[in-house]
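J.: Chains as they are written, first to last, in our numbering: chain A, 1 to 293; chain B, 1 to 425.
Treat the hints loosely; a few may be bogus.
With beta-carbon atoms standing in for the labels, derived distance ranges [claimed, not checked]:
no. : chain 1 : residue 1 : chain 2 : residue 2 : range
1   : A       : Val112    : B       : Ala357    : 42 to 48 Å
2   : B       : Asn123    : A       : Asp124    : 55 to 61 Å
3   : A       : Val149    : B       : Met298    : 54 to 60 Å
4   : B       : Ala357    : A       : Thr123    : 57 to 63 Å
5   : B       : Ser399    : A       : Asn108    : 30 to 36 Å
6   : A       : Thr257    : B       : Asn175    : 27 to 33 Å
7   : B       : Lys425    : A       : Ala90     : 33 to 39 Å
8   : B       : Gln122    : A       : Pro86     : 41 to 47 Å
9   : A       : Asn93     : B       : Asn233    : 51 to 57 Å
Think of the hints as simulated: they come from the structure by calculation, not from any bench. Beta carbons: idealized from backbone N, C-alpha and C, even for Gly.
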Amino acid sequence: MEVIPQLVVSTILLGGLYALIAVGLTLIFGVMRVVNFAHGEFLMLAMYAAFWAFTLLHMDPYLTLFVSLPLFFAVGWVSYRVVMRPVIHASHNAQVFTTVGLSILLQNAALVLFTADAQFLRTDYYTVVLRLGGAVFNLAQTVAFVIAVLATVSLFAFLRWSYTGKIMRATAQDPQVASLMGIDTGRIYALTWAVGITCVGAAGVLLAPIYPVYPTAGLQFVLIAYIAVVLGGLGNMAGALIAAVIIAAVEVIGSYTIGTAWKEVLYLMLFIFVLVVRPAGLFGQRGAEALGT
Amino acid sequence: MKNMKWVAVATAIIATTLGSGAAMAQALQGEYKLGVLEPLTGNLATQGKLHLEGYEVMRDLINTKFGGVMGRKLVLVTGDATDPTAAASEAARLATREGVKIITGTFSSTLCGAASEAAARQNVIYWETSCVDPRFTRRGLKTTFRTEIDGIGFGWYNIEFTAKYLAAKLGKKPNELKIAFLAEDSSYGQSVTEAARERAKKEFGMQEVGAPEYYTFTTNDLTPVILKLKAANPDILHHIARDQDAILFWRQAREQNFQVKAVVHAGATGYGNNGFGKAFGNDANGPFVLAEPGPGIMIDKFRPEGQVIERAFREAMKAKTGSDVPTSGHQLAAGGLWILKLVLDAAKTDNLDPFYAAAMKLDLPVGSALNGWGVKFESTGQNSNERVQHYMLQWQNGSLVTVWPEAFTTNRAKWVPLGAWDQRK
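Chain A on its own, in the form it takes in the complex:
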């Protein structure tokens, strides 16, 4: 029976994609406590970057990945300085309105510049699949999954053991006390935001050979990424990865057994249930959800 191995593979690969997007969001939403409604639009910009680099410069998306890291770090740094810094100490409402505005701006800029047509980055190897037993692995999705795991582990280690990571967590826990301890919280916020945008930039480049890109392409992923971040526990990298795989499992198994029309209902029901039972998320620290509020 090749169905069960295939469902398992589909779950893991889809979960990897969601985790890849959730990693950057964990930093921005989980550590900074900023609800970034423009996260999907940064993803979309990165997908376009990969598409145009491939179309105009014949640059392979995996080569573009290396260019995208400094590029999106710069995009993140500049967008923080220009857009987010003025509202970083303002109310959550002000931050929400600002990021919603940024989202609309980026979406419509993409619409004007690139039109609403869905574009697909068709590499020479887009039909290449790997086979193991009865299951089929899409090459690009497999690469994305591996990078998602590496990114999660790296950021987990960075936050846990590096000095800068500890400062980031300290700033998230209590910005005022962190400031009293001599931490330049403004710089830490900028760095966290920029690293978060770098992560989503990398995710976008890796998604480009898998999904079509269009101005609202980020929306279909970002809601799920938010759910993964909250479900896994705010700021918990490993939690977000596991939650992303759980959501993918509910989607894939629900689609196969009950029907595709039910998959969103199923994972949203699970999300609501977990929040009712355990508001800090599956792997979050109790009370952490209230930190920084």
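Here the structure of chain A is known, so what remains is to put chain B in place on it, guided by the hints.
T.: Frame of chain A; chain B shown alone:
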């Protein structure tokens, strides 16, 4: 006799106006303002913009070569119907601020209901040129008209093609065909699918394998559905896709080596969108798309008056886009606007009662209007499905070409059955 009368009127209008196009443009007295509501931003903007372009090209043709509308210069006032809420508020704005008496648009089944309700509240005529939700003309609103066939018509044509053409090509009787249904879950996907299911079963006794699958078009993974389809092993997959979901399905179906003998779709979205061909190039070869006439169509099979407007429109579209073939969006919008002009010219007013009476009187056989359409409105405001001649197109080497009915086209269907994925060259 009635037919002959209307054909004579339409031919006379075309012949007179073509003979003195420039003079006619100068002779137009005043302006006639028409509201156009399309999604120009957001997910549906690709098609919305194509429709707007179709309206604009036909507007220019009407003004420069066909005497305007009611002897006045046609002017379009646009609104952006991004979603149903925006569609309703923009319809109200066009009616109250711009003072239009007729609104045309919105192409999408997710938008036309809300927009036409809002127009009806202002007693404004809603002239739909594309959306196929059957409920659109079944709400008892005297203000709504639709020139395109509805979802039932799409389903009817798809099964007509499957039963009378594909079955023979596959060497089977229609009742020996195994068919599976897959669709995105909007009213468009559902209405076409349910109409096709009903006709396939009741009229032709086709064997439906598996339950119909509906999905949200922004879905990120269709592998579970493909696994179910592989287990069901249909001959025909009737798949109504919306946009990028067609690209996702095709890629994942190839990964899973899903073999089916034919894929049949309807409409300008999904497989009917140029983006599908651009995404896959020659790897797109095979799927059938029910749409307006594409490359290969023999325009000289239309009636004389239909040939005149069709050639004029194609020439104008080529000047605008550089392409010999207008897209479905262009054709639907322009075809609908052309019929609106015929009704307004006959009614000589946009007051609802005489306008409605003129619309009901218009009786043009197939081949008389743009896209080879005919016109005969039902009392609900729906142009009758049998008058809105449709064609089956197929992706062949990066282009959608007309393959059926064979009497109207120079092209022939290929890859029936589809065969292995890497053999469709």
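J.: Each hint needs a verdict: does it hold in this structure or not?
T.: Cross-check of the supplied hints:
1. A/Val112 x B/Ala357: 42 to 48 Å: At 44 Å between Cβs, range holds.
2. B/Asn123 x A/Asp124: 55 to 61 Å: holds (59 Å)
3. A/Val149 x B/Met298: 54 to 60 Å: Hint holds: Cβ distance 58 Å, inside 54 to 60 Å.
4. B/Ala357 x A/Thr123: 57 to 63 Å: holds (59 Å)
5. B/Ser399 x A/Asn108: 30 to 36 Å: This hint holds: roughly 31 Å between Cβ atoms.
6. A/Thr257 x B/Asn175: 27 to 33 Å: Holds - the Cβ-Cβ distance for A/Thr257 and B/Asn175, about 31 Å, lies within 27 to 33 Å.
7. B/Lys425 x A/Ala90: 33 to 39 Å: violated (60 Å)
8. B/Gln122 x A/Pro86: 41 to 47 Å: Hint holds: Cβ distance 43 Å, inside 41 to 47 Å.
9. A/Asn93 x B/Asn233: 51 to 57 Å: Because 55 Å falls inside the window, the suggested range holds.
In this structure, the one hint that does not hold is number 7.
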